[in-house]
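K.L.:
Protein sequences appear in the order of chains A and B. Per this note's numbering, residue 1 is the first one in the first sequence, and the count goes up by one each step. Per this note's numbering, residue 1 is the first one in the second sequence, and the count goes up by one each step.
Simulated from the structure, these hints should not be mistaken for lab results. Heads up, the beta-carbon is just placed ideally off N, CA and C, and yes, glycines get one too. There's no promise every hint is true.
What the hints assert, rightly or not - Coverage of chain A stretches by chain B, computed from C-beta distances (three or more under 8 angstroms per stretch; other residues unrestricted):
#, stretch
1, 14-25
2, 51-57
3, 249-258
4, 340-354
5, 366-378
6, 419-430
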Amino acid sequence: MSSSSSKRLRERGDRSLKTAAWVVGLFFAVSALVPVLWMLSSSLKDNKSIDAYPPKWIPSLPHAITVTLDYSGVAQGNPEFYEKDAMKATWFPWMKSMNENIGEVVVRGVKDGKLLYEAKTNSASFQTGQPLIVPSTLFNEKMIELKLPIIRERGLSSFDWYGEKGASAESGGVVDAGKPLTSRFLEFYSSSPLVAGKPAEIQESKSFWRLFDSYLTLNKISQETDEKLGFFRYFLNSGIVTAASIALQLVFGGLAGYALSCLVKSKRLKFLLVMFFLATIMIPDVSILIPLYLTMQKLHLVDTLLAIILPHAAWGIVIFLFKGFFDQLPQEVMQAAWADGASDIRTFTSIVVPMSVPIFTIVAIMTFVPVWNEFLWPLVVSKSPGNWTFTVALNSLQQQTSVRENTLMASSVVSMLPLLLVFATSLKYIEKGISFTGVKG
Amino acid sequence: MRANARPIAKAAHPARELKLKKLRIRWVPILFLLPSIVAYSMFKYYPVLNMMYISLFDYRIADPPGPFVWFRNYTEFLMSRSFWNAIKNTFVFFLLYTLLTFWVPIVQALFLSAIRRGRGFLKFMYQIPTILPAVAGVLVWKWMYNPDRGLLNYWLSKVGLGPYGWLNDLAITKLAIVLPAFFAGSGISVLLYYAAIRSIPAELHEAAKIDGAGPWHRLFSIVLPNIGFLIAIQFVGFMSSILLAFDNIYVMTQGGPADSTMVVSLLVMKSAFQQNRFGVTGAMSFFMLVIIAILTVIQQKLSQERE
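Construct the complete structure from the given sequences, taking the supplied hints into account.
P.N.:
What follows is the structure, given as structure tokens:
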């Protein structure tokens, strides 16, 4: 009787524990996931639906508008005339509908059944170019005259000229004024004398690929402050800094860890050296901000990537990870090599290093995350955008009032990818590293 | 171990052994240690000494170091209201973080050990906030906190709460900074606690089972006490991480509104690079260094005791 009741009790406790474990586990799993999903969804939204209230989870597909303008009867042969006309036909009506979800506007010019030109503009170009090209809805003839060089220089709109002879063009001659965007564009062309061509056809469709224009916008914004590489430049900088820092830590830490573990014989000396390295974990980065900056100034390294990389060579914990691992290596193998007359350097490179691949991997992965995420020191030491890491770039982006949330979220998504890759492929090593450092404290 | 091997080697090549011994002890270890010694001296010890030196001067950037002022920089920051405001804020942050976040990974790891299937799945899900870079995570939360169009105010309005100003409301800015950490937990700490739980000997569990302890009882009477040391060690580290917290606060509020989220590390950054007051900053830095050093020593002592 008593034994069966105690058994029942235990089973019941087991079930309630498992239920509680799953409830708590799923709660935190969901709460970890929601911000990430919201970030993804926001990054795919256009400027109108990002403001939608109540908030929408599913972004809507952007519209692609193709306008065919007929120039029959226009006695102009100069391509620049047509390019200006195409720009007016693109930028002006778009500005009038700037809050609509337009992904792309294609303007095609035809004359006597022949295709003269095709001009394409995507929403990323429109969003970044709009404050400069069409700052208001007061349009005039002069505007495009002045802005065309900017459009060309920044590659905001593409313009393909097929020549006076033209390529063959098939025109259905459909103007579906029932669709709201089509009717807005049509209204502009018929009411404004600025565009020379007559609207022959306006097509409206949904474009899947233009969903990702926030990512293009992100790149275009960065190109303005930086050079041609755009946001990729910050990524590359972070990549260089991370790779170089890890390499430094592996080489410096590996060598010193091995020396402390196997080469230094004197107990007293070893203790002093261990204290020399170990004591530095008491020094927080914030408290040496100024003197480290002054040091970099003396080395003429302020505003270079090296200034971000070099201090990583002195990370207290790395040497001890290596030392802890080398302490556990079977001494017999090294003694055998040593007895065979191999030098210490040879023993290290040809015997110790190949045996220690796991610890090199663990250290590399464990330092990847903090170095990749580092913010304060790069913020202080890199001044020009060309030397920013992505964390500094992200902070600068969010301070610009013209940058919308969809672009910001796109930047966050992009910055998450490398760590996602590292975690997805090496969670096993991270766990190993954790239990290893955990034992050491 | 090596001491045993030496006589054998000596016997084999007595002459060369003598020569090599000299070489080995003098040059190779130095060669191996030199890069690190140089790096640590340049980027840790020299800056620390320089900081102490700077803190004794009314430092002039154009004409360093400027007039020697003894300990006036120290008295200056200790008398300033902004410093004590920062200390007060740090203390409130410490309470909030402890109440809302410190226990989360412990609970996660305890429950993780209670289930069998789906463990890997949960473990991976807990890592997601770690995968999101801190600055990027702050941007997402800032967007969710948007008072007019944000997701949080919308959800709260559905249950009849709000709207809240979040980062603009002096009363809850600090909470708004800590809240993301509650939901995000700490992926790395979960793994650490979980590894410690896994290393508890199975006999302890078996013995308790035989004594009639149920699974809940075992969780609290065997698992929790066995990771108690780790919790203590982690808590000390947690304390220093709060004193040093910078990234999330800087990106979220820059210390505002009205200095309600200004903490010491932000104060150091601002007085150094926005007001160029290197002397006072040096003094404050030294104060931080002392506190962190004490915490680190306690943490090291605790982990040595554990071993």
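K.L.:
Indicate, hint by hint, whether the structure satisfies it.
P.N.:
For each hint, the structure was consulted:
1. 14-25: It holds, with 9 qualifying residues against the three required.
2. 51-57: Since three or more residues must qualify, the claim that chain B covers the stretch 51-57 of chain A holds, with 5 doing so at under 8 angstroms.
3. 249-258: Our answer is that it holds, as 6 residues pass the Cβ test (under 8 angstroms) against chain B, meeting three.
4. 340-354: The restraint on the stretch 340-354 of chain A holds, since 5 of its residues have a Cβ under 8 angstroms from chain B and three suffice.
5. 366-378: holds (count 5)
6. 419-430: holds (count 5)
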